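Visitor: Chains as they are written, first to last, in numbering that gives the first Met the number 0: chain A, 0 to 344; chain B, 0 to 344; chain C, 0 to 344; chain D, 0 to 344.
Among these hints, one or two may not hold up.
As the list makes no split between identical chains, a pair holds if one copy fits it or if it spans any two.
Unchecked claim - Quick list of in silico lysine to any residue cross-link-like pairs, SDA-like style, CA-CA up to 25 Å:
(1) 48 with 228
(2) 44 with 68
(3) 48 with 198
(4) 44 with 343
(5) 48 with 183
(6) 44 with 89
(7) 48 with 184
(8) 48 with 285
(9) 48 with 298
(10) 48 with 201
(11) 205 with 344
(12) 44 with 277
(13) 44 with 215
(14) 44 with 340
(15) 205 with 93
(16) 48 with 280
Hints listed in this document are in silico derivations from the structure and should not be mistaken for laboratory results.
Being a predicted model, the structure only gives us computed values, none of them experimental.
4 protein chains.
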Amino acid sequence: MTVRVGVLGATGAVGQRLIQLLDPHPEFEIAALTASASSAGETYKDAAKWRVDSPIPEDVAQTEVRATEPESVPDDVDLIFSSLPSSVGAEVEPEFCEDGYVVSSNSSNGRMDEDVPLVIPEVNADHVDLIEVQRDERGWDGALLKNPNCSTITMVPPLAALDGEFDLTDVHVSTLQAVSGAGYSGVTSMEIIDNAIPHIGGEEQKMESESRKLLGSFDGAEVTLNDASVAASCNRIATLDGHLENVWAETAEDITVADAEDAMDTVTGIDLPSSPENLITVFDEPDRPQPRLDRNIENGMGVAVGGFRETDDGVQFNCLAHNTMRGAAGASVLNGELLSQRGYL
Amino acid sequence: MTVRVGVLGATGAVGQRLIQLLDPHPEFEIAALTASASSAGETYKDAAKWRVDSPIPEDVAQTEVRATEPESVPDDVDLIFSSLPSSVGAEVEPEFCEDGYVVSSNSSNGRMDEDVPLVIPEVNADHVDLIEVQRDERGWDGALLKNPNCSTITMVPPLAALDGEFDLTDVHVSTLQAVSGAGYSGVTSMEIIDNAIPHIGGEEQKMESESRKLLGSFDGAEVTLNDASVAASCNRIATLDGHLENVWAETAEDITVADAEDAMDTVTGIDLPSSPENLITVFDEPDRPQPRLDRNIENGMGVAVGGFRETDDGVQFNCLAHNTMRGAAGASVLNGELLSQRGYL
Amino acid sequence: MTVRVGVLGATGAVGQRLIQLLDPHPEFEIAALTASASSAGETYKDAAKWRVDSPIPEDVAQTEVRATEPESVPDDVDLIFSSLPSSVGAEVEPEFCEDGYVVSSNSSNGRMDEDVPLVIPEVNADHVDLIEVQRDERGWDGALLKNPNCSTITMVPPLAALDGEFDLTDVHVSTLQAVSGAGYSGVTSMEIIDNAIPHIGGEEQKMESESRKLLGSFDGAEVTLNDASVAASCNRIATLDGHLENVWAETAEDITVADAEDAMDTVTGIDLPSSPENLITVFDEPDRPQPRLDRNIENGMGVAVGGFRETDDGVQFNCLAHNTMRGAAGASVLNGELLSQRGYL
Amino acid sequence: MTVRVGVLGATGAVGQRLIQLLDPHPEFEIAALTASASSAGETYKDAAKWRVDSPIPEDVAQTEVRATEPESVPDDVDLIFSSLPSSVGAEVEPEFCEDGYVVSSNSSNGRMDEDVPLVIPEVNADHVDLIEVQRDERGWDGALLKNPNCSTITMVPPLAALDGEFDLTDVHVSTLQAVSGAGYSGVTSMEIIDNAIPHIGGEEQKMESESRKLLGSFDGAEVTLNDASVAASCNRIATLDGHLENVWAETAEDITVADAEDAMDTVTGIDLPSSPENLITVFDEPDRPQPRLDRNIENGMGVAVGGFRETDDGVQFNCLAHNTMRGAAGASVLNGELLSQRGYL
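Here chain A stands alone, though its shape is the one from the complex (with noise of 0.2 Å):
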């Protein structure tokens, strides 16, 4: 059984990722490209500036693009993937859902809302039947279900493996986050060579709230925030692709680093063809991992840790996760092949 898919700001940076993820996928055809008003009526090739490093797929590069409303994209589509800019998203997924359609969202936007489901399927599954809540509540045929902040994914997994056994209390984290994140023209060469940014506007508020929720207990009407408390500093620098991010992590329970390496290492999958094997892998060496030599790591769908210390009440590691990959493109296909296994399509 194919399902039919379509993809909302198709031209992006993350939409381009979105396409190499989905051309060729095992359950899902690309059957519907959108962009802006003004690219509309335009092949995928001219309208895209396509600067992912494996070619254009050759039939994707044909593909006319299609503005982004409802209205454009064939009825007979199953599932949607959005990557549009948040005010964009903010406006445009609703119609998509009222109209019927399954959407899995990587924009920012309505990712705390109450009756949103938030989910990094390794993590919180089980959240995406808040989508039940959600149908009651807005009157939907379709659905809108989240993933988080790439920054946010990249610590979460490594995180959860801590919580469950170790109960978590204070997480403080620093990232050192790489310029895709802000898309193809969002940080210039001139503020990012022989420099550092020390601001992301908005990031650290997503980290602080967003973690808590992917983090939090479902009960089948609500979600309720994990209690332990997130403090974030993000930062921009020169790297391309990957997340580095140095984590502190108290812990109501008295934990080693041995027990963190072997919560961590132990974490295992989900029955979905773009989960890896291995989410988390432990590296050894104390300079592991390093965005340009481990962002790869399970086809960029893995999360690698390393550099484990002992602190006073837990644990210190530093995490990382290939930003568009994991952190957007990824998760929303990733999320897509969630909503098909649980039948919401």
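Since the structure of chain A is provided, determine the placement of chains B, C and D on it from the hints.
Guide: For chains B, C and D alone, coordinates are given in the frame of chain A:
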């Protein structure tokens, strides 16, 4: 009154910065330059691969480099600056002190020794009198004074501004450090282009211990470490100069962002030639300080702070200083000025 | 006698460098700053995203920005510096000239017009008198003087030093250009990290034509282009400032490396405030000049050369100049000083 | 029939790429790995600092590293790949050849020796038979075959495509070379961040001589150098992999851009496992090829060209190849495949 000074390890990256600061200097005059035995007898120009962005001073260029041993240095040298590799420093610096030389050292060896003062003049100038204890115990006519590690120097002035009034309890710090901190050949280009390295050997331990000594109290006999807990995570990134640090400071007393900014903004300097008028510059813009834009503040001797946010039990902020100026060469020169002012030469 | 000057396009990358050079300046005083209509009425501080590494001059910061049109500029302004986008310059500069303003322009429009002098004062100051022809033909009270493209300025002084005595016949030049040459947002970080771009639109054509005009002869009525053949290949690389160029110069007369170095080393300057004492600095070291080490030579107004080798019919060498100083803002200021000295204001 | 191969200098940057290509390889099987005497006896994993972006092959990781001398290598090894420093290669390679080993070498020593074939199989495979002359003269049972320098390999395939039909007379080439060409520690980060270095020792001479040997003719007894004049200027820039080159090719016959593109586009490959289907890929986009986007073309074994313009007596264009794949390790493997095909093992 001119003080005749010698520089041990004069050809290295910090040695070159020392020369840049000492020629000209209102009080000090370069009288001897040393390097490894293999360079002894060469002119400085031939022995050093000069890479500072101001031209090599003409008289320095023609100076003959000496071996790094007390016998090679003229007796009328009053003050020694040392930027030796720590293994060499550990061996050679005590020999100079025994021979009666007063040494202001940037090398990491011995910084935590109980009878060795570790000083940032604007923060804990009173610790310099630990030299009396040192001379008693070691029977030296000379003396050994240390400045801390570059990453430590960056954060301690702002932390000191908070500790007095608000009583620090817990500090977390994550660093984004420039490649010059590892010396001219310390980081290869293949390691750092499109990359970051979440490990600098021994650096986290230095920050955690040295900061507590600097913020500690000296009662005339010994230094009691500050009782705050300090946890550090250190990263190397692709910047040339300037260490940027994300700091979370928890305090026993209630503190607001305005309190913290005010405490730092009103730090007064110290009356030494190389101490800046404004030790700490507070930025309002949320994306400052940045290494390339702000590392030269106050001729590279200032500390820049910004990005303040309130947290549950304190504040978070970013700080930046020039790692080879304020963080190394400038720190040693300043300590030399303090030794002169306090009559230790 | 102070000359009151206006700056068109004052908020851009070159505009900021112009302000850095004009405040203070021994002859010129800033009297008007213009930007796009949308910024008119704002203070300069608010309108410009100041990114030069010296602080914004306090009085400039508070200056109100005007619209870029003759009516907005006070009549008592004697000299206009223009660093507008070429499409805007093509429209607006003639309006200023008609209104009686003398304009020293860095914009690329009109550089090859037959009655527009294109001048590097140390190379072809005599061409400035083409203004007489221009005024005759266009009926202007004002005047329009251009400086060449930044990549052209870098190579022409050394080529001029060779042409006089050895008669250039063929020039090949390959450039490694800094990102600042494209303006603050001209090159994205994703384009240039771990990359180089072998194309800068129109740049090769500019180098090929402008160099022949600069090296041409002016007989009081028209400029005859130099008859050397010039072939350029232009690349963008990940440097912030400083264009580095590989040049092969074939000459009609026999030439040795020593001849070439001597010809360049003995170029004498011109008596203008911003002209450096040594226009051309000859490096002996084979790996110099380098952008980061040598771009600030002579306060950014010098040209550095090195790497000489003899070829079959000439010599090859490398040259470097600061592209936004000597290559743009400084070039315009220097041309303004020439206009003042020659009595055109 | 599997060929058992040894790798001399297996732990270096090119050595690591050799292993990446040889495990697995359709014809070759790794039978011996050598490194400097100090590493002999260690496992490969311990001896090498593995920095290639694919994981180290498990069986290679556990292989014991041998000393680089004929006695250390098993007699049943049929083919030796050498990527030794040239000073070591000059001493050791002849010893292996005397002992009967056939050596495909990437080291620069001996490339211009009259009886040593220098080969790019798609360009001058016939030169391999110079081995007959070599064996006669040196009395070897083994043989020594060289591939050229990485920067030479990049430009020679496109030049060969032009020479046949249009007869090259003059070539100027300017290179923008990646740091990996200097080995893992060859370029420090302080040398190359925000910088470019217009000098690579000996590189210009290599390009000028090796290219004429590759494009020369072999009559069964000796290689006559191509009579075109070649002038090179070499630069190091901040790219990790991929040498980009600007080329001006003057020809005796008239040539248009279309002629040049057609000549390159229609080059046919050679029937060897590592030779790409399309040796040369012609880009229409004026800003391609670019190192980061195009270096992996044809699995790193292709040459990309673009940016064609007509000049007075020929054409100019840009070319790019992966310097450690097509330009080094892949070149040696390909030469090994040629030796096998031609019956020299």
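Visitor: It remains to establish, for every hint, whether it holds in the given structure.
Guide: How the hints compare with the structure:
no. : hint         : result
1   : 48 with 228  : neither (41 Å within a copy, 36 Å between copies)
2   : 44 with 68   : within (21 Å within a copy, 41 Å between copies)
3   : 48 with 198  : between (27 Å within a copy, 16 Å between copies)
4   : 44 with 343  : neither (32 Å within a copy, 48 Å between copies)
5   : 48 with 183  : both (9 Å within a copy, 21 Å between copies)
6   : 44 with 89   : neither (27 Å within a copy, 34 Å between copies)
7   : 48 with 184  : both (11 Å within a copy, 17 Å between copies)
8   : 48 with 285  : between (39 Å within a copy, 14 Å between copies)
9   : 48 with 298  : both (23 Å within a copy, 23 Å between copies)
10  : 48 with 201  : between (27 Å within a copy, 21 Å between copies)
11  : 205 with 344 : neither (28 Å within a copy, 56 Å between copies)
12  : 44 with 277  : between (35 Å within a copy, 23 Å between copies)
13  : 44 with 215  : neither (42 Å within a copy, 42 Å between copies)
14  : 44 with 340  : neither (32 Å within a copy, 42 Å between copies)
15  : 205 with 93  : within (21 Å within a copy, 52 Å between copies)
16  : 48 with 280  : between (34 Å within a copy, 20 Å between copies)
When each numbered hint is compared with the structure, violations occur for hints 1, 4, 6, 11, 13, 14.
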